[in-house]
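There are 2 protein chains.
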Amino acid sequence: MGGDHAPGAVVAGAVAAARDLDVIIQLVGPTGLVGGELARLVDVSAPAERSRIAERITQIDAPDVIGMDDAPLAALRRKPRASIKVAAEAVAHGTADALYGAGHTGATMLAAHGALGLLPGAERPALAVLVPTLAGQSVLLDTGATLDCRPEHLVAFARMGAAYARVVLSLEAPRVGLLSIGEEASKGNDLVRDAQVLLAAAPGLNVVGNLDARDLFSGTVDVIVSDGFTGNVALKVGEGLVETLERMLKREVGQSLASRIADWLVGRGFKRLKARMDAAERGGAPLLGVNGLAVVGHGRADARAIRNGIALTARLVEGGMIARLKDALRAH
Amino acid sequence: MGGDHAPGAVVAGAVAAARDLDVIIQLVGPTGLVGGELARLVDVSAPAERSRIAERITQIDAPDVIGMDDAPLAALRRKPRASIKVAAEAVAHGTADALYGAGHTGATMLAAHGALGLLPGAERPALAVLVPTLAGQSVLLDTGATLDCRPEHLVAFARMGAAYARVVLSLEAPRVGLLSIGEEASKGNDLVRDAQVLLAAAPGLNVVGNLDARDLFSGTVDVIVSDGFTGNVALKVGEGLVETLERMLKREVGQSLASRIADWLVGRGFKRLKARMDAAERGGAPLLGVNGLAVVGHGRADARAIRNGIALTARLVEGGMIARLKDALRAH
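The listed protein sequences derive, respectively, from chains A and B. Those letters in the first sequence? Residues 1 to 332, by this note's numbering. Those letters in the second sequence? Residues 1 to 332, by this note's numbering.
In short, the hints are calculated from the structure, not lab data. Incorrect hints may have been included.
[As the list claims (entries may be wrong)] Far from chain B by the CB rule (all over 12 Å, computed), these chain A residues:
1) Arg50
2) Gly121
3) Arg247
4) Val317
[What the hints assert, rightly or not] Here chain B is said to cover these stretches of chain A; the calculated rule only asks that three of the stretch's residues, wherever they fall, bring their Cβ under 8 Å from a Cβ of chain B:
5) 122-131
6) 211-220
7) 284-293
Virtual Cβ for every residue (Gly too), placed ideally from N, Cα, C.
The shape of chain A in the complex, shown without the other chains:
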């Protein structure tokens, strides 16, 4: 039931995932509503696909729904059978390998944290987002799970981010950098300066130093470590600027004689670019640090983003993400 386009986009994304991925999907929500959407989509599927979908998609009833405007903590207490809570409990009970939800990020984090608890040594949860760079992709964490951090939290984030980069970017020794306002060790706020001392002494990490925020999208490090507030600001400034630049650039280029050609070309280029930048396309961000796999999708996710989010979730299950996180946190 999560996200602006639920349950339609969620069920459609699940059906798309069932078609082309090797996954079993348990749809959690009010059975009548979800079942109606599912039946409608099965009806319009090719006959050969119907049995595949029926085999791969089951339902778990969860009559309560937490809306995007609800205060998450109060809503979770008031609605014990909310879909996000029931889904998190399925992971806790071992009847699901992972949870994927595109609803209220705060409610998803609280439900996952509450039902699953934290991994030993994780300190705090962190949302890890893949950002596009000139070189490919980098992991940025935390992007909003833990807004006020202590230096030791950032060290745990570095360990978890490196474990995630090993699975999702297939890297042996991901380069880790601390998000700051310059590469120099003397720059940064108290948190960054204290954390860099701890990070430099942390074994098992390929720490390359501080990353100037100017180089966030340069691809010079694979894992960018930040407190959740700064990381979220950085991500949102980037997303907002892409939208703003597109409008500014069309206006600038539009002044030329060949404005219609330029509009078309720039529009095309930006469409591809935005596909790389857009959170919806990325599908989801794992909530690292909780003792079970939970992936948070974007509230504006459409069916394709939901399908991509399920694909990412399945990949992390297959990659043994939780076992790797435990190793990374336990080793030190």
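With chain A held as given, fit chain B onto it using these hints.
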């Protein structure tokens, strides 16, 4: 002597300012070196301009120079006759109305703070930068002077930012917003949530609430208030992304059949855009909160940026910036 291209670009920018602005410029630096640059530029000027330049540009000898790689505090102690220190003292002694420097930002801030002290109620200094938006320009502060802030510092920044916006953007009642990760009061880190309570109760400010970082360039508020670390990260993510996008977009558009035309058009559009985004073009950022006018230019400033920085500085002197800051801080 400040900046990567000093003293050549600084002297050339001063000569350009002397030509077309109503200002008297005192060039501070090693007299021989600066005088040589000046003589060379006067020699190639039109005869009619020579006397104007000679009347408007004088020199103050300051034999010491602080380099971009020096540790600022130690360098200022070791070099009592450094150009930036001598310039700050000229403002403190009233022999100059304002200081403009494009050198080491940390050294400029320390020298200005040391020689001029803080305005009553200013709490801490803040660097105020003009950022381009869809609607025009907004003031973002702090962008690096005070990296670790308490809530009351942000309230003083809001007052100073509003006073600056009144002068530089000619606004009656600038809209003030607190940089956060959503518009909702419930979002944000401890600093933002404590500051918003203080701001909401602060008289004389047109506070519109929290600004989602996604809307940094949207122009929905005129003054964006932040701690210096987050503000600097936001600014640098924006600057870095423009550079990265230009390279990505040229690559994307370059795949088309009309790639050469597209390259040219996109290059042209981006050039204009970058002119709006680029820190060098903005000329400078005033260090608000010190008891005297100090404007910090970009280290990469060329002659044109220096000239623009001097123009901004002159405009702030004429606008009675310091008196307005005193009023804004004293009124409450």
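Q.
Flag every earlier hint the structure violates by its number, smallest first.
A. 3, 5 and 7
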